[in-house]
Amino acid sequence: MLTYAARRLIDLLVILFGVSVLVFLMIRLIPGDAVQILLGANTEVTPEQIATLRHTLGLDQPVLVQYGGWLSGILRGNLGQSVWTGAPIGEEIMARLPVTLELTVIPLLLASALAIPLGILTASWRNSGVERALRFLTIAGITTPAFWLGTLFIYVAFLIAPRWATIGYVPFSTDPLGHLSRMVLPVIALALPLLAGLIRILRSSLLEVLGQDFIRTARSKGLSERRVLYRHALRNAMVPLLTVLGIQAGYLFGGAIVVEQVFAIPGFGRLIVGAINERNYALVQGSILVVTAGFVLINFLVDLLYAAVDPRVEYR
Amino acid sequence: MKSRLIALAIPMLVATAGAQQVERGGTLQLAVDQSPVGLDPHVATAFSTFVVTGQIYESLLEVDANLKIRPLLASKYTRSDDGLTYTFTLRPGVKFHNGDALSAGDVVYSMNRVKDPKTASPLASRLSSVTSVKASGPLQVTFTLSKPYAPFLSEVATIDIVDQKYVEGGGNLQRAAIGTGPFVFKQWIPDTALVLDKNPAYWAKGQPYLDGLKFNIVPDASTRQIGLQGGTYQFLPNIDASVAATLKTAPGVQLLRSQDLAYSLLGMNVSRKPFDDPRVREALNYAINRPEIVQGVYFGDAVPGGPIPPALKTYATPVSNFPCYTYSPAKAKDLLRQAGYPNGVDFSILTFSTIKTVSDAAQVLQAELAPAGFRAKIDIQEFGNFVQNWRNSNFDAFVSLNGGSVDPDGQLYRTVVSGGSTNVFKYKDPAVDALLEQGRSTTSNGSRVRTYAQLQKTLACRGPAAFLAYGALYSATRSEVQGFTPNPTRSLAALKTTWIKR
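As given, the protein sequences belong to chains A and B, one line each in that order. Following the working numbering, the residues of the first sequence are numbered contiguously, the last one being 319. Following the working numbering, the residues of the second sequence are numbered contiguously, the last one being 1057.
Simulated from the structure, these hints should not be mistaken for laboratory data. Here the structure is a predicted model, which means the values were calculated and not measured. One thing to keep in mind: the hints can contain errors.
[Claimed, not checked] Distance condition first, Cα-Cα at most 20 Å in a straight line; then the derived SDA-like pairs of lysine to any residue:
#, chain 1, residue 1, chain 2, residue 2
1, B, Lys828, B, Asn947
2, B, Lys803, B, Gly761
3, B, Lys670, A, Arg57
4, B, Lys741, A, Val173
5, B, Lys741, A, Ala98
6, B, Lys741, A, Asp178
7, B, Lys670, A, Pro174
8, B, Lys670, A, Glu51
9, B, Lys803, B, Asp856
10, B, Lys673, A, Ile53
11, B, Lys673, A, Pro174
12, B, Lys673, A, Gly61
13, B, Lys673, A, His58
14, B, Lys888, B, Glu923
15, B, Lys911, A, Asn280
16, B, Lys673, A, Leu62
17, B, Lys803, B, Gly786
18, B, Lys741, A, Arg57
19, B, Lys911, B, Asn947
20, B, Lys753, B, Asp856
21, B, Lys670, A, Thr55
22, B, Lys911, A, Gln264
23, B, Lys673, A, Leu60
24, B, Lys670, B, Pro706
25, B, Lys673, A, Gln264
26, B, Lys803, A, Leu162
27, B, Lys911, B, Glu937
28, B, Lys981, B, Glu1035
29, B, Lys741, A, Pro174
30, B, Lys670, B, Ala690
31, B, Lys741, B, Tyr757
[What the hints assert, rightly or not] Pairwise CB distance ranges, derived in the manner of DEER restraints:
#, chain 1, residue 1, chain 2, residue 2, range
32, A, Leu78, B, Pro806, 58 to 68 Å
33, B, Asp671, A, Ala8, 36 to 46 Å
34, A, Ser184, B, Pro806, 20 to 30 Å
35, A, Ser75, B, Gln589, 54 to 64 Å
36, A, Ala296, B, Pro926, 36 to 46 Å
37, B, Lys803, A, Ser184, 42 to 52 Å
38, A, Leu162, B, Thr881, 45 to 55 Å
We put the CB at the ideal spot given by N, CA and C, even for glycine.
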């Protein structure tokens, strides 16, 4: 177990190194560098001024030298500075981290807490009226994009409760009620499509498990249906659910970009999109690196959880 | 030196509230689509920065809603008869937000900071005619010019005065802001809001009326609109006609309109075929149905315009004087034939999608131009990509929106003069160059008007760009917001006399 964890951590470092190279090169492959984008069209800038600025920002150095400088900074715990404002990137990221964690963890908990009973329900009450209605809703949930739900929610909330503060973001520490009031809708908009997906997966994996030989054996040795379902079937059906959960968590952590745009929430997604539009190289690199680390860590945790739900899983 | 008094100290902005009693206090909630890129007014180019810094900093002069130049930090200014020396007298008792007193030294420092190549300020070329800036008294600054420069005052009006002591003491103007303006920078919450407080020591007694401004950063257009309708936001500055149209019937919302100085254009690369031939450029103008663009792209809320914005009433030639502005595919075909293209021409239009009127105009043009034999392919690119190709003149033609200027020189010079910084068309015409030089060095108003009339005649039909239309610019506010006058330059300076009715 410990050697397994250690090996996975080494994998993590290798992945992060690979990502750092990729991100570094990719953002430089997009046409237009920070200086050109920001000076934009329609300004009176001369080519000499562009050259000066590029030199100040170190963008005129060979790519390898730029990369070396950035990497050695990271190894010393310094993600660099924002190209334009000189703000430390570590600070910019830390400002977004709690927001993004909240928007990742709450929808995930909510969706998984509801997915388990509802998944069992749809699997065990197959073809009943309730189940058919739920199945219809889950398909609707999977196919509805979260940003559309978001806009719809804001609009409906405005119609039924015009005084309800739904847009924007205030930190919990300054205004707990205002914070919660603004978080309700984005959390639901993110949780619903996730929940719908999880229910479908749990249902089909449960049905598959319930058709297997060991379930027949369990039933024939006289176990109650409850015991069969919860103790034998559910634990086996949890493995695919966990896999999907891990991947979805990674996506959410990378920033539910569109939902953040709609609700004007300052999370990771907007940080990255803004940085790409500004060609703020160091900021793009730093934040993608952090998101990747988060993604890999979550999936590492999921791998460890496999053993908890399925004793057959062994770590070597 | 013999000097002539140009402007007396005029009490700046008389309260615009009219008969109504001004009510003080409250924070105005504004919604804007983008975070500022940084707060340094000498380095920024993004409009999202100027909206905010315009409340914090002030210039020597300002351009009012009627595009008149008025004194601001300078209470008066004089120009020598030869047009080579300008002397500004600063308003006494003005303080920066940190308590430092405004002095002539700060003005000299700000001008030199803009001119310094190390600052890489995009404003530097506006001071290119200035050879020296000196403090000629504790509250007096003298500018010396190398040659008479007519747009000098309108250029000086765009340069904000920063606090020398603060900047030299290591203050980072990109992240903090210390100015003399009506509002004080309080907090920048990334991707959330910029918070400004009232400047209690503002030099104009009794202003501003509001206790503060909050610029909420709301990237999604429909969220901003619902937010305004629901009262979460009270002010959406500078929205275009299509958004304004959707808010027209919303209860509790009022629309404030002004003419935009910015214009849509179809630019041509005159170093490439077929637009190297002036006859082809003239043909293209005949092939454009401008009233249709006004209807189809701007919902009727725009005016066709020539090289100079109609808002600059003294200078703009009415478009009815340009023969090529009368839609005529037949004339266009004829000119194309004369130019040696009896079967028409194929070319591509470079454009981008982030401004709706721009990409819409490209599509309407594509359809309009085809019957006259201009077969266009539209190439919509990501904005950064567009800018790069635009700057490198890597296009046959492009459709875009150009920011306007309050002076005809600012409007035309850098865009069409040979080798000009935004002359991406690669246009070269010695006669035009001579007129442009004449226009900027003549200080007599009558002969300036004649010079620009001649320039417009040359540029309207055979110039490197087909000028399309000047749109309307709106600010949408809750109806309780009073006292704001929209400005064609998009400046929000009038927020200092804005108040909320309770």
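* Holds or violated: are the alpha carbons of lysine 741 of chain B and aspartate 178 of chain A at most 20 Å from each other? -> holds, 19 Å
* Quick one, are lysine 673 of chain B and glycine 61 of chain A close enough, alpha carbons at most 20 Å? -> Distance ~14 Å between lysine 673 of chain B and glycine 61 of chain A Cα, so the pair holds.
* Take the C-beta atom of leucine 162 of chain A and the C-beta atom of threonine 881 of chain B, compute their distance, and say whether it sits inside 45 to 55 Å. => Given a distance of about 49 Å, which is inside 45 to 55 Å, the answer is holds.
* lysine 803 of chain B and serine 184 of chain A, beta-carbon distance inside 42 to 52 Å? -> For serine 184 of chain A against lysine 803 of chain B, whose Cβ atoms are near 30 Å apart, the range 42 to 52 Å is violated.
* To do: Would you mind confirming whether the straight-line C-alpha gap from lysine 673 of chain B to leucine 62 of chain A stays at or under 20 Å?
  => At roughly 16 Å apart (the allowed maximum being 20 Å), leucine 62 of chain A and lysine 673 of chain B satisfy the hint.
* Decide if the proposed pair is consistent with the structure: lysine 673 of chain B and proline 174 of chain A, CA atoms, cutoff 20 Å inclusive. => Measuring from Cα to Cα gives roughly 39 Å; hence the hint is violated.
* To do: For the range 58 to 68 Å, tell me whether the beta carbons of leucine 78 of chain A and proline 806 of chain B fit it or not.
  => holds, 59 Å
* Asked: Given the hinted pair lysine 911 of chain B and asparagine 947 of chain B, is their alpha-carbon gap at most 20 Å?
  -> violated, 24 Å
* For the pair we were handed, lysine 741 of chain B and alanine 98 of chain A, check the Cα-Cα distance against 20 Å. => holds, 18 Å
* **Pairwise hint evaluation, aspartate 856 of chain B against lysine 753 of chain B, where the allowed Cα distance is 20 Å at most** => violated, 36 Å
* Below or equal to 20 Å on CA atoms is what counts here, so check lysine 911 of chain B against asparagine 280 of chain A. => holds, 18 Å
* **Pair hint outcome, lysine 673 of chain B versus isoleucine 53 of chain A [Cα-Cα no greater than 20 Å]** => Within the cut-off at roughly 11 Å; holds.
Consistency note: the structure conflicts with the earlier hints numbered 2, 7, 11, 18, 19, 20, 25, 28, 33, 35, 36 and 37.
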